[in-house]
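A.B. asks: Numbering (my numbering), first residue to last: 1 to 112.
Worth flagging that the hints you see were computed from the coordinates, not collected in a lab.
Hints are not guaranteed to be accurate.
Within a straight-line C-alpha distance of at most 30 Å, the following computed DSS-like cross-link-like pairs (lysine-lysine) qualify [what the hints assert, rightly or not]:
hint: 1; residue 1: Lys86; residue 2: Lys39
hint: 2; residue 1: Lys20; residue 2: Lys39
hint: 3; residue 1: Lys94; residue 2: Lys60
hint: 4; residue 1: Lys93; residue 2: Lys20
hint: 5; residue 1: Lys60; residue 2: Lys86
hint: 6; residue 1: Lys105; residue 2: Lys44
hint: 7; residue 1: Lys105; residue 2: Lys20
hint: 8; residue 1: Lys20; residue 2: Lys94
hint: 9; residue 1: Lys94; residue 2: Lys105
hint: 10; residue 1: Lys93; residue 2: Lys60
hint: 11; residue 1: Lys105; residue 2: Lys93
hint: 12; residue 1: Lys86; residue 2: Lys44
hint: 13; residue 1: Lys60; residue 2: Lys105
hint: 14; residue 1: Lys20; residue 2: Lys44
hint: 15; residue 1: Lys39; residue 2: Lys60
hint: 16; residue 1: Lys39; residue 2: Lys93
hint: 17; residue 1: Lys39; residue 2: Lys98
Label pairs and their in silico Cβ distance ranges [to be verified]:
hint: 18; residue 1: Arg107; residue 2: Ser21; range: 37 to 43 Å
hint: 19; residue 1: Ile75; residue 2: Gly97; range: 17 to 23 Å
hint: 20; residue 1: Lys60; residue 2: Pro28; range: 14 to 20 Å
hint: 21; residue 1: Lys20; residue 2: Ile88; range: 43 to 49 Å
hint: 22; residue 1: Cys50; residue 2: Lys98; range: 44 to 50 Å
hint: 23; residue 1: Phe103; residue 2: Gly76; range: 21 to 27 Å
hint: 24; residue 1: Arg13; residue 2: Asp83; range: 28 to 34 Å
hint: 25; residue 1: Gly76; residue 2: Phe108; range: 24 to 30 Å
hint: 26; residue 1: His104; residue 2: Val12; range: 31 to 37 Å
hint: 27; residue 1: Gly97; residue 2: Arg13; range: 18 to 24 Å
hint: 28; residue 1: Lys60; residue 2: Glu99; range: 15 to 21 Å
hint: 29; residue 1: Ile40; residue 2: Ile100; range: 27 to 33 Å
hint: 30; residue 1: Arg107; residue 2: Arg34; range: 30 to 36 Å
Where is the CB? At the ideal position from N, CA and C, for every residue including glycine.
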Amino acid sequence: MEEEKWINKGHVRAFLVCDKSFLEFDAPFVQWLREEGFKIGWCKGHYSNCPWMYINITRKLYAHGMPGVAIVPSIGEHAITLDEFKTIYAIYKKYEGKEIFTFHKERFDCYE
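Using the sequences and the accompanying hints, generate a full structural model.
C.D. replies: Given below as structure tokens:
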């Protein structure tokens with residue numbers, strides 16, 4: 001689908017992550033995102049000197065921020081730190097590939 005490469009079309013919520021390292025366009029974190037399978041999410045315009053970015057875990061898209069432009073609504077309506085994002089991402093990564101209510105090996109095994 002064409003909308004899958006656009007960060008601001010379709011499912012349009014993303015984590016708003018702030019870190020001064022993002023002032024560097026190809027920051028180590030951006031390289032890490034790519035290694036994790038994330039792709040740059042298309043949006044209209046680009047600004048390469050901004051300390052925040054939008055990251056959509058579900059679609060594995062990211063976009064650099066632009067001052068004065070809300071690219072997508074942020075999850076929780078507030079920015080989070082890079083360390084906070086990594087904690088959240090580790091939780092999502094733990095369940096990657098599992099059915100929605102499978103926590104260990106079978107459905108609804110969260111009570112163990």
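A.B. asks: Holds or violated: Lys93 with Lys20, Cα cutoff 30 Å?
C.D. replies: holds, 25 Å
A.B. asks: Does the alpha-carbon distance linking Lys94 and Lys105 stay inside the 30 Å limit?
C.D. replies: Satisfied, since the Cα-Cα distance of roughly 12 Å is no more than 30 Å.
A.B. asks: For the range 37 to 43 Å, tell me whether the beta carbons of Arg107 and Ser21 fit it or not.
C.D. replies: holds, 40 Å
A.B. asks: Is the hinted pair Lys20 and Lys94 satisfied, with a Cα-Cα distance of at most 30 Å?
C.D. replies: Between Lys20 and Lys94 the Cα gap is close to 27 Å, so the pair holds against 30 Å.
A.B. asks: Can you let me know if the beta-carbon spacing of Arg107 and Arg34 is within 30 to 36 Å?
C.D. replies: holds, 33 Å
A.B. asks: Assuming the hint says 18 to 24 Å, is it satisfied by the Cβ distance from Gly97 to Arg13 or not?
C.D. replies: Because 22 Å falls inside the window, the suggested range holds.
A.B. asks: Could you say whether the range 44 to 50 Å given as a hint is met by the Cβ separation of Cys50 and Lys98?
C.D. replies: Given about 35 Å between the Cβ atoms, the range is violated.
A.B. asks: Run the distance test for Lys105 versus Lys93: straight-line Cα separation, threshold 30 Å.
C.D. replies: Holds, because 15 Å separates the two Cα atoms, which is no more than 30 Å.
A.B. asks: Quick one: are Lys20 and Ile88 within 43 to 49 Å, going by C-beta?
C.D. replies: Violated, since Lys20 and Ile88 (Cβ atoms, about 20 Å apart) do not stay within the stated range.
A.B. asks: Is Lys39 close enough to Lys60, meaning Cα to Cα at most 30 Å?
C.D. replies: holds, 6 Å
A.B. asks: Does Lys105 pair with Lys44 here, judged by a C-alpha cut-off of 30 Å?
C.D. replies: With Cα atoms ~42 Å apart, Lys105 and Lys44 exceed 30 Å; violated.
A.B. asks: At the C-beta level, are Ile40 and Ile100 separated by a distance inside 27 to 33 Å?
C.D. replies: Taking Cβ atoms as reference, Ile40 and Ile100 lie about 28 Å apart, which means the hint holds.
Hint violations for this structure: numbers 6, 7, 21, 22, 24, all remaining hints satisfied.
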